[in-house]
Amino acid sequence: MPDNLLEIKNLRIEATVYAPGEKPRDVVIVDDVSLSLARGKVMGLIGESGAGKSTIGLSALSYGRGGIRLSGGEIRLNGKQIRGASPSVLRSLRGKEVTYVAQSAAAAFNPAKKLMEQVTEAALKHGVMSKDEAEKRAVELFRTLSLPDPENFGNRYPHQVSGGQLQRAMTAMALCPKPDLVIFDEPTTALDVTTQIDVLAAIKTAIAETGVAALYITHDLAVVAQVSDEIMVLRHGKMVEHGTVQQIIEAPREEYTQALISVRSIEHEQMQPTPAPLLKVDGVFARYGSMSKDVLSDVSVELHPGQTLALVGESGSGKSTMARVITGLLPPRQGEITFDGKPLPPALKQRSREELRELQMIYQMADVAMNPRQTVATIIGRPLEFYFGLRGRKRDERVQELLDAIELGKGFGDRYPAELSGGQKQRVCIARALAAKPKLIICDEVTSALDPLVADGILKLLLDLQKREGVAYLFITHDIATVRAIADSIAVMYQGRVQRYGPKDQVLSPPFDDYTDLLLSSVPEMELGWLEKVLAHRKMTSAGN
Amino acid sequence: MKGMTLSALLGLFITGLFFAAAILAPWIAPYGMSEIVGDIWEPSSADFWLGTDNLGRDLLTRMIYGGRNTIFVASAATAVSFCLGSILGFTAAVYGGWVDQAMSRFNDLVMSIPTLIFALVVLSVMPVTLPILILVMGLLDSTRVFRLSRAVAVDINVMDYVEAARLRGEGQRWVIFREILPNALSPLVAELGLRFIFAILFISTLSFLGLGIQPPAADWGGIVKENREGIVYGIPAALIPAVAIVTLSISVNLVADWALNRTTSLKGGRGA
Amino acid sequence: MHPVLKLVIQRLALGLLLLLAASVLIFVGTQILPGDVAQAILGQGATPEALANLRSELGLDEPAFTRYIEWLSSALQGDLGTALSNGRDIASSIGGRLQNTLFLAAVAACISVPLAIFLGLLAVRYRDRWPDKLISAITLTSISLPEFLLGYVIMYFFSVQWGLFPSVSNINSGMSFLEKLNAVALPAMVLTLVVLAHMMRMTRAAILNVMQSAYVETAELKGLRRFTIIARHAMPNAIAPIVNVVMINLAYLVVGVVVIEVVFVYPGMGQYLVDHVAKRDVPVVQACGLIFATIYIGLNILADVISILSNPRLRHPK
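In order, the protein sequence lines correspond to chains S, C and A.
Under numbering that gives the first Met the number 0, the first residue of the first sequence carries the number 0, and numbering increases by one thereafter.
Under numbering that gives the first Met the number 0, the first residue of the second sequence carries the number 0, and numbering increases by one thereafter.
Under numbering that gives the first Met the number 0, the first residue of the third sequence carries the number 0, and numbering increases by one thereafter.
Treat the hints with care, as some may be off.
To be verified - Coverage of chain A stretches by chain C, computed from C-beta distances (three or more under 8 Å per stretch; other residues unrestricted):
#1 19-26
#2 137-144
#3 255-261
#4 268-277
#5 289-299
Stated by the list, open to error - Derived SDA-like pairs: lysine to any residue, alpha-carbon spacing no greater than 20 Å straight-line:
#6 S:Lys112 <-> A:Met210
#7 S:Lys112 <-> A:Ala213
#8 S:Lys237 <-> S:Ser70
#9 A:Lys179 <-> A:Ser166
#10 S:Lys112 <-> A:Ile305
#11 S:Lys112 <-> A:Pro240
#12 S:Lys124 <-> A:Ile228
#13 S:Lys436 <-> C:Glu169
#14 A:Lys278 <-> A:Gly80
#15 S:Lys503 <-> S:Val522
As the list claims (entries may be wrong) - Just some of the chain S residues that point at chain A, by a computed CB distance under 7 Å:
#16 Phe108
#17 Pro110
#18 His158
No lab work stands behind these hints, which were simulated from the structure alone.
Even for Gly, the Cβ is constructed at its ideal location relative to N, Cα and C.
Using the sequences and the hints given, assemble the complete structure.
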């Protein structure tokens, strides 16, 4: 028996890019990466998008997605070189020695087959055990993963169970054939935060009980700190740093790792409420079209000039509906909204141009928030033209001022949105909102589609602009860390109601109600042993189950 | 037109040739349209490049004039179907609600009857004249354009940038012409090509069945009808329009394909 | 009631409604449009008396709604009226012709459906390599031609030049099955080519869509054989879209028959319809239009019902 289960040496992975209108060209996705993993150990692969972490994970199965080639180096599994091995050799080890858990279990399960059939399939095909044994093991795994009604869980079809359950079922599917190694590819990323913690705990227990080795791929350092023994940090397809969890978290050597760890260390001094609120939402009820249930019921919050109110909640909590109600896209069924001391007409069409100008919005997905056929200068210039009648030189000068304000230099005005990076796009959207000189900007999950370091930059910019321009933010997010960083007051939303509301220090200090406690305690912290500590004193099970 | 692929350029060039021949027909055709210049079904010769037809008329001349009629009717019908279909489709998408429902359901109904059958039913009671042909073809085909332009506009209409324009307070006109139209143009141009080809095939079919362009006027479908008896004697005169139709539709297809690909690459980039 | 059953019943009811609306449209198309039926039949030189006589004979004096109800109710009882041009009973003229048309369509379907699926699979197997490109090129060319021209091209080569099959498809009840097959060989070949392109391209797209899904990757990462993956994971999910493709193309085929019958002088519904359009024989046109529309709409509904039935999410509700 060789010492190490998985031994990767000088791995190089390339892909051919077919950009329209250009000649196909080869790009290097992973360059000179080496790692070794001992039996029963868990290694976390961490990095931002484009770091090549999923590609490396799949290379342990000697598999490349759509045109990706494992072009150089060694990949040894149980001592056998598997890079470039024949299809029959690969078939004999995939699903037997090494298995895979995908990010989206909902897509990875065949919709036409029952869960049990799919969970036991690999074990049966490889002749690892008999049908009875496999089904018995599956039920045990369902139990270990705390799935409801483990005896009968396998009789269901994938669409009949929730997303969190499906992710655990996929873990069971990976563990069923008793593999030596499991690749977890962002298994909790698509889940709500309170569901994530349960799935994470289930995976951790299952790994411990089966003694399997694992590569755990994620972009969230706090998550990986809970399940791994060691961590490898990747960036642009290269290794940045490798060490034990403790060393990486507590004493990172590289600057990039330090930056990843210190993300969200933004200092923001909480401001006290002023006597006259800028925005007052009073007893609002709202529902969509012919729905019989309210999406918002009896919501009342206030936002003071130049301050930030954070609306926090999970998917389906009604926080994005709040944005639609305030902007007038969805007139409330009942209740009133006051802006700057005057009642705001409920529907968009009834509002004056001045009322529209004072209230701007920034979206989550910056790519679809800008017309791909307009240049940056047109996008930022249009509000100047529309609200202030600026034209020609004056307009161009103001556009440049705004570009400077969002820290994009000269020459960006002529570019199209597709020529910008994710962070730059979001900055242009901020400039477009600022161009109207608004009193309030609604920020709908503006950082959640961005990598942590980029998101950090956007948050700093927003705070900076708030200081200079005195603009107020209604900040909609599911991310508690962001809220801690920038909010002055917080409204926690749950099932269409405001669960808890007040100044930040008050909302974030005990005593908590059950839901707020669950939500706050579910946010992974960069601390060893955090998961166990949290699970030990929970009052309420996750909202997603 | 920079960034055009070679095949698209070739397609554009050949399509241009066909249109030029159609416009310049009286000047470039070697003989008069219904002038009887030789024996029936003469083989090709220096005098008659493509031979003569069932009455002894020069086939090349008939093909050029036929192309003129076929292309004219197809273009006019495409213009009718496009103007009507895209305007109604955009209207349905932007207004939504019951306007959209009523228009879409009626469109589904008309599309549920095969186009050719519907055309035959209508043409059985209407006098077969050029304006009526164009109108019937255009109206029936506008259902397809309606469906596509509505779908494209509905997709664009829910984009955040359109919502952003609405929140800014922009009017319906700005939304349709500045936000939606520029982004809908490429798929619509590609569809324009496909609808034009369909119109060529359709008018040829109608003429072949004797319900399209009426003799003595020439058109590609009619030439097949006039010379079909020759086939059994091994005279391929009736097959000549096949070459013309295939060449034209493949050329238009090449251009349409390029226009469609341009849409996908347009996710962004300059010069687009 | 099981939700699937409910959906299917809903779809069938909607189909019947659509059919009813289509019959109105066909009726309106011939009766209320600006063209005057009597004038159209008799031509410009008709005397006013002759026009008046014909109008009352056709019942044109009565309100359109009454005429529609009468027309539809007798059509539902199998009485399609009599032809104006020869005074014969339409239903009995159509009977044998409908059979011939369905025979031709069936032969074409029996060849084209398996062929299209096979070629679709082949194109997926050799995606973006030469077999895929060759299949695409051939099918693209064949849809660039109108059906009737494709018919003459094939007739010219297969019948006139090489003498393999008869150029005119005479068929009668006295012929044996093989003789009949020989007679319809060329029109069936043309129809096959006409629908093959669409069907094969749509099949290719449907299979590719399934093969690129994440659950096929999961199966591959379980170390399953290619064949097992296709048979156990891809097929159950690909059958529904493929059946849908087939149905839609069969509907298309029924319409394509109309022109092909004229080319090969085949005694079917299509030729009957085209003849009587030229003769402006409105009752025949209406009857044929209604039958074609019924078959077309019926096949489309069948396609919808099959895709409802094969959807696991609907079959096994939460």
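Okay, the hints, checked on the actual structure:
Coverage of a stretch by a chain is defined here by at least three residues with a beta carbon nearer than 8 Å to that chain's beta carbons; for the segment 19-26 of chain A and chain C the count is 4, and the condition holds. Against chain C, the segment 137-144 of chain A contributes 4 residues with a C-beta closer than 8 Å to a partner C-beta. That satisfies the three-residue criterion, and the hint holds. A count of 3 residues in the segment 255-261 of chain A with a Cβ less than 8 Å from any Cβ of chain C is obtained; the coverage claim is therefore met, three being the minimum. Chain C is given as covering the segment 268-277 of chain A, and this holds because 5 residues of the stretch bring a CB closer than 8 Å to a CB of that chain, at least three being needed.
By the rule of at least three residues with a Cβ nearer than 8 Å to a Cβ of chain C, the coverage given for the segment 289-299 of chain A holds, with 5 such residues. Between lysine 112 of chain S and methionine 210 of chain A the CA atoms are separated by roughly 16 Å; this keeps the pair inside 20 Å, and the hint holds. The hinted pair formed by lysine 112 of chain S and alanine 213 of chain A meets the criterion: a straight-line CA distance of about 14 Å does not exceed 20 Å. Restraint check: the Cα-Cα separation between lysine 237 of chain S and serine 70 of chain S comes to about 15 Å, which is no more than 20 Å; the hinted pair holds.
Only pairs whose Cα atoms come within 20 Å are accepted, and lysine 179 of chain A paired with serine 166 of chain A is accepted, the gap being roughly 13 Å. Of the supplied pair hints, the one linking lysine 112 of chain S and isoleucine 305 of chain A holds, its CA atoms being roughly 18 Å apart against a limit of 20 Å. The straight-line distance between the Cα atoms of lysine 112 of chain S and proline 240 of chain A is roughly 17 Å, inside the 20 Å bound, and the hint therefore holds. Note on lysine 124 of chain S and isoleucine 228 of chain A: the hinted pairing holds, with a Cα-Cα distance of about 12 Å set against a maximum of 20 Å.
Annotation: proposed proximity of lysine 436 of chain S to glutamate 169 of chain C holds, straight-line Cα distance about 17 Å (limit 20 Å). Proximity of lysine 278 of chain A to glycine 80 of chain A is assessed by CA-CA distance (about 16 Å); at most 20 Å being required, the pair is judged to hold. For the hint linking lysine 503 of chain S to valine 522 of chain S, the alpha-carbon distance of about 17 Å falls within 20 Å, and the restraint holds. Interface restraint check: phenylalanine 108 of chain S against chain A, minimum CB-CB distance 6 Å, threshold 7 Å, status holds.
This hint holds: proline 110 of chain S has a C-beta 5 Å from the nearest C-beta of chain A, less than the 7 Å allowed. For the restraint placing histidine 158 of chain S at the interface with chain A, the shortest Cβ-Cβ distance is roughly 5 Å, inside the 7 Å limit, so the hint holds.
The earlier numbered hints are all upheld by this structure, with none contradicted.
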